[in-house]
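If you count the sequence shown from 1, position 66 lands on 66 in full-length UniProt numbering, and the numbers rise without skipping.
Do not rely on the hints blindly, as some may be mistaken.
Quick list of simulated restraints, FRET-style, between CB atoms [stated by the list, open to error]:
{"#": "1", "residue 1": "Glu470", "residue 2": "Glu282", "range": "41 to 49 Å"}
{"#": "2", "residue 1": "Lys519", "residue 2": "Arg262", "range": "17 to 25 Å"}
{"#": "3", "residue 1": "Asn358", "residue 2": "Ala500", "range": "22 to 30 Å"}
{"#": "4", "residue 1": "Ile70", "residue 2": "Ala500", "range": "35 to 43 Å"}
{"#": "5", "residue 1": "Ser170", "residue 2": "Ser491", "range": "50 to 58 Å"}
{"#": "6", "residue 1": "Gln258", "residue 2": "Ile70", "range": "51 to 59 Å"}
{"#": "7", "residue 1": "Val198", "residue 2": "Ile388", "range": "21 to 29 Å"}
{"#": "8", "residue 1": "Thr523", "residue 2": "Gln303", "range": "34 to 42 Å"}
{"#": "9", "residue 1": "Lys519", "residue 2": "Ser170", "range": "37 to 45 Å"}
Straight line, CA to CA, 30 Å or less: simulated DSSO-like cross-link-like pairs of lysine-lysine [what the hints assert, rightly or not]:
{"#": "10", "residue 1": "Lys320", "residue 2": "Lys519"}
{"#": "11", "residue 1": "Lys230", "residue 2": "Lys519"}
{"#": "12", "residue 1": "Lys519", "residue 2": "Lys132"}
{"#": "13", "residue 1": "Lys230", "residue 2": "Lys320"}
{"#": "14", "residue 1": "Lys244", "residue 2": "Lys519"}
{"#": "15", "residue 1": "Lys427", "residue 2": "Lys519"}
{"#": "16", "residue 1": "Lys244", "residue 2": "Lys320"}
{"#": "17", "residue 1": "Lys132", "residue 2": "Lys230"}
Derived from the structure by calculation, the hints contain no laboratory data. Yeah, the Cβ is synthetic: ideal placement off N, Cα and C, and Gly gets one too.
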Amino acid sequence: MQAGLPPGVTSADIADILSALGSEMNRVILTSHLQGIYSGILAVALWTIFTQKSRPVSHVVVAVIIIVYIMTLVSFSLNWSTVCSALVENGENILTQIMRFESPQRAVMAMTGAMGAIATILVDSTMEAFSKAMSYFMLSGNYACSETFRQTPTPNLVIDGIGPISLPLSTRDARLIISNASRAPYGHNQETIVNTNVRDTWEIDASRITLRPGWQAFIEGTVLPSVLQKLGMQVTAPRCELYKLLLYQEGSHFARHQDTARTPGMFATIVIILPSRYEGGEVEVSHAGSSRPLTFDFASQSQSSTTVLSWYSDVHHEIKRVTSGYRLALTYNVIRPPSRGAEPLPSPPDVLTIAVNNLRTILHRWAELPTNRRRTFFAYMLSHQYSINDLEDSGIQALKGGDKHKVGYARGIAEQLGYVLRLASIKYHELGAPGIGALADEVHRYKRRRGEDFEYASRRDDRLDDEVPEMDEVILTSMEVDNVVDLEGESVSEHFDMRAENLVPSRPSQGANPVQGMKPDETEYEGYMGNYGAELNYYYHRTVLIFVHDVPG
Numbered sequence: 001m002q003a004g005l006p007p008g009v010t011s012a013d014i015a016d017i018l019s020a021l022g023s024e025m026n027r028v029i030l031t032s033h034l035q036g037i038y039s040g041i042l043a044v045a046l047w048t049i050f051t052q053k054s055r056p057v058s059h060v061v062v063a064v065i066i067i068v069y070i071m072t073l074v075s076f077s078l079n080w081s082t083v084c085s086a087l088v089e090n091g092e093n094i095l096t097q098i099m100r101f102e103s104p105q106r107a108v109m110a111m112t113g114a115m116g117a118i119a120t121i122l123v124d125s126t127m128e129a130f131s132k133a134m135s136y137f138m139l140s141g142n143y144a145c146s147e148t149f150r151q152t153p154t155p156n157l158v159i160d161g162i163g164p165i166s167l168p169l170s171t172r173d174a175r176l177i178i179s180n181a182s183r184a185p186y187g188h189n190q191e192t193i194v195n196t197n198v199r200d201t202w203e204i205d206a207s208r209i210t211l212r213p214g215w216q217a218f219i220e221g222t223v224l225p226s227v228l229q230k231l232g233m234q235v236t237a238p239r240c241e242l243y244k245l246l247l248y249q250e251g252s253h254f255a256r257h258q259d260t261a262r263t264p265g266m267f268a269t270i271v272i273i274l275p276s277r278y279e280g281g282e283v284e285v286s287h288a289g290s291s292r293p294l295t296f297d298f299a300s301q302s303q304s305s306t307t308v309l310s311w312y313s314d315v316h317h318e319i320k321r322v323t324s325g326y327r328l329a330l331t332y333n334v335i336r337p338p339s340r341g342a343e344p345l346p347s348p349p350d351v352l353t354i355a356v357n358n359l360r361t362i363l364h365r366w367a368e369l370p371t372n373r374r375r376t377f378f379a380y381m382l383s384h385q386y387s388i389n390d391l392e393d394s395g396i397q398a399l400k401g402g403d404k405h406k407v408g409y410a411r412g413i414a415e416q417l418g419y420v421l422r423l424a425s426i427k428y429h430e431l432g433a434p435g436i437g438a439l440a441d442e443v444h445r446y447k448r449r450r451g452e453d454f455e456y457a458s459r460r461d462d463r464l465d466d467e468v469p470e471m472d473e474v475i476l477t478s479m480e481v482d483n484v485v486d487l488e489g490e491s492v493s494e495h496f497d498m499r500a501e502n503l504v505p506s507r508p509s510q511g512a513n514p515v516q517g518m519k520p521d522e523t524e525y526e527g528y529m530g531n532y533g534a535e536l537n538y539y540y541h542r543t544v545l546i547f548v549h550d551v552p553g
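Based on the sequences and whatever the hints tell you, model everything.
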């Protein structure tokens, strides 16, 4: 017991005050670091600005800034030293000075604000560290892949109503296919429609297609294992199911879209471009809102080779216009068998031991924070999107690639520390204002309706009516949580009041904005009307892994 304590102070009072004192020490540390960083940045910035000139006053200003910077660090160092010296075993110290308040309760209340602020900073830093820790478990694999085969078994393609189709595809056979095919539709909201401005492709259903048995053996024995390895997916007994034959002619294309889950258990698509001569038709794929898509272009070797493309079913992809010739392709659904049983957790190799220990430390640190100073749950945003049927049918077994890899490690660690894990779908909404360019477009729309500015209208075509402007400023955000299931896929009735501070982005660089750099899944735009400004809505559909500690009951 330190000297100078007033009578009647209990051990609980001392513990509370020591806790408050520890928070004050942490405050000094954090403030010192922040002030030092700020001063350093300011000094470097001003140094860069002023040293470009030869005026003596510039050098004087820079010298003053550096001196102030040094004095600031010295001041905080002395402050920190003073706080540390307060923790002496005997004699006058900060603890005894605090206890001179009228009551210990007043002393504790005086420190509550600082404790709360520090706790918030610790929670935020823990969640940021968690995002970085999860990123260390990235599986070698990609969301899309390709491979070209110079030699493959002959498919012996036969189409009901036409007969055998020779390869490389001839112009005669291509025209026969078109005369016996249907326009390929696409899904829009809850409807399936045909619109050649969005999708201009001919299709024939798998029920009308016959292939030799050796071709299917090539698909299952060579193509499928290679695709799964490149996508980083480990699935027991997957299968490939022929879906459609697609023919692209000159002008054919398919705008950016996602594949729908055409059958239960589907998690990827395989497209096999059969030998056929064409130009254009590049395939552009992007994932999780990435602004840097992958582009696959095999037109130059299409006549003499067979090309395999594959991507996860939630990947956005676009088929660019075919500028000449014909592009013939078979599409397959990649399906995993139904399974409720939990697969064995992956055993981390030596190179991942540090990452595993780091994740364990972070989750333990978060669980040890006082219950009144940490959030009741946090949600980690997965890289892939999963439908409600995926989650309810298979739970954790529906996860793909890197998601399955990371969640496999996190599950074992989290459950050992008393966490309960949930999977859920969220809808993240941003309401904002468009940039100034949207106003210019509105003016041109107005002029076009009045019969003015024909030259501009002809240049821009009618695309203005379908374009959505970029969001310049986010005014309001909100989130909805739906379809909460446990890891086995069983629905649970738990309610989560999800807010931005509960959400941990899958990429640490995203910072406070969990959807930074992503493209919205849905957009709504209402232009300028009279005295009212334009309104722009972005909607992002994501899947999250929720970590809950101290679950009631």
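> Is the hinted pair lysine 427 and lysine 519 satisfied, with a Cα-Cα distance of at most 30 Å?
Replying inline: 14 Å, holds
> Okay, serine 170 versus serine 491 on CB: inside 50 to 58 Å?
Replying inline: Cβ of serine 170 to Cβ of serine 491: about 54 Å, so the range 50 to 58 Å holds.
> Is the hinted pair lysine 244 and lysine 519 satisfied, with a Cα-Cα distance of at most 30 Å?
Replying inline: 29 Å, holds
> Is the hinted range of 41 to 49 Å satisfied by the C-beta distance from glutamate 470 to glutamate 282?
Replying inline: 24 Å, violated
> Within a Cα-Cα threshold of 30 Å, do lysine 519 and lysine 132 meet the stated pairing?
Replying inline: Cα-Cα ~22 Å, so holds.
>> Between the beta carbons of isoleucine 70 and alanine 500, is the distance compatible with 35 to 43 Å?
In response: Given a distance of about 39 Å, which is inside 35 to 43 Å, the answer is holds.
> Is the hinted range of 22 to 30 Å satisfied by the C-beta distance from asparagine 358 to alanine 500?
Replying inline: 25 Å, holds
> Does the Cβ distance between lysine 519 and arginine 262 fall inside 17 to 25 Å?
Replying inline: The hinted range 17 to 25 Å holds for lysine 519 and arginine 262, with Cβ atoms some 23 Å apart.
> Can the restraint linking lysine 132 and lysine 230 be considered satisfied, given a maximum Cα separation of 30 Å?
Replying inline: With Cα atoms ~24 Å apart, lysine 132 and lysine 230 stay inside 30 Å; holds.
> Does lysine 320 lie within 30 Å of lysine 230 when you go C-alpha to C-alpha?
Replying inline: 24 Å, holds
>> Hinted pair, alpha-carbon criterion (30 Å max): lysine 244, lysine 320. Please report holds or violated.
In response: Holds, at about 19 Å.
> Per the hint of 34 to 42 Å, is the separation of the Cβ atoms of threonine 523 and glutamine 303 within bounds?
Replying inline: 40 Å, holds
Violation of the numbered hints given earlier is confined to hint 1; every other hint is satisfied by the structure.
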